Amino acid sequence: MRTGEACALTWDNIDFKKRIISIEHDVYSKVKDEKGRWYISTPKTKKGIRTVYICDTLLIALKNYKNKQEELKKMYGKDYHYYHVENVTNIFNKVVEQRIVEVSKKKKESIINLIFTKEDGPFIGTDIIRYPYKVIHKELGIKNCRFYDLRGSFATVSLRNGAKIREIADILGHSNVETTENYYISSSNETLKSTIKNFENNVQSDIINNIIKYK
73 MRTGEACALT WDNIDFKKRI ISIEHDVYSK VKDEKGRWYI STPKTKKGIR
123 TVYICDTLLI ALKNYKNKQE ELKKMYGKDY HYYHVENVTN IFNKVVEQRI
173 VEVSKKKKES IINLIFTKED GPFIGTDIIR YPYKVIHKEL GIKNCRFYDL
223 RGSFATVSLR NGAKIREIAD ILGHSNVETT ENYYISSSNE TLKSTIKNFE
273 NNVQSDIINN IIKYK
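When you line the sequence shown up against the numbering used here, it's residues 73 to 287, in that order.
FYI, nobody ran anything at the bench for these hints, they're computed from the structure. The model shown is predicted, which means the values in this text are computed figures rather than measured ones. Where is the CB? At the ideal position from N, CA and C, for every residue including glycine. Please note: incorrect hints may appear among the correct ones.
Unchecked claim - Simulated DEER-style distance windows between Cβ atoms:
| # | residue 1 | residue 2 | range |
| --- | --- | --- | --- |
| 1 | K150 | T117 | 37 to 47 Å |
| 2 | E106 | K206 | 25 to 35 Å |
| 3 | I183 | D87 | 35 to 45 Å |
| 4 | E106 | G213 | 38 to 48 Å |
| 5 | V160 | T129 | 37 to 47 Å |
| 6 | Q170 | K145 | 18 to 28 Å |
| 7 | N165 | C217 | 40 to 50 Å |
| 8 | G234 | D192 | 25 to 35 Å |
Modelling step: build the complete structure from the supplied sequences, incorporating the hints.
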């Protein structure tokens, strides 16, 4: 999942019974004004709109996180921050963008149940991911590490464990497998050795038969 896609998720995108996440939106930032700086849009390509299945570990984590968020909403009460989507129109009154705006206490806008917010509800978009990676950089000494890089790690490990390239591309939201192959999958010495070993095992019997034939 892309950073913006993860931050755009609402609880309506999570189906705990079917164990799927529906990825339908992306968030991006612009110059900050009195209404904030975060905007929401659909993914770049049709393949970007997709579903991702929830594994056991993530299912437990999401349920625990949702329960915790509900407790915080009760604790903060009227001081909790809520948001809605506001249309941005041009001079012809055509919607050209949509932005994420805090709900006014004087109005009753349609609230979106954002998943990733600060403790008392403020939505800070992709900034919410920066702090954990500062910790990774400082405490673990891992440089040039980004949340986005986890997509490449997922692709490489999945392929190594037998997943098909088309399946990986679909999960990542790529329109074509070339993008997945060229930019998201890396080889290691172990995988290269494994490739040669698999080739050897597959053709070994034919080679032996040919050697026997020409003795």
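Tested hints:
1. A hinted range of 37 to 47 Å holds for the C-beta pair K150 and T117, which are about 41 Å apart.
2. Take E106 and K206: their Cβ atoms lie about 28 Å apart, and the range 25 to 35 Å holds.
3. Between I183 and D87 the beta carbon distance is about 19 Å. The supplied range of 35 to 45 Å is therefore violated.
4. Roughly 41 Å separates the CB atoms of E106 and G213, a value that falls within the hinted 38 to 48 Å.
5. About 39 Å separates the C-beta atoms of V160 and T129, a value consistent with the hinted range of 37 to 47 Å.
6. Restraint check, Q170 to K145: a C-beta distance of roughly 24 Å satisfies the suggested window 18 to 28 Å.
7. Between N165 and C217 the Cβ separation comes to about 45 Å, which falls inside the hinted range of 40 to 50 Å.
8. One distance hint, 25 to 35 Å for the beta-carbon pair G234 and D192, is violated here, with the actual separation near 44 Å.
Going down the numbered hints, you'll see the structure goes against 3, 8, while the others check out.
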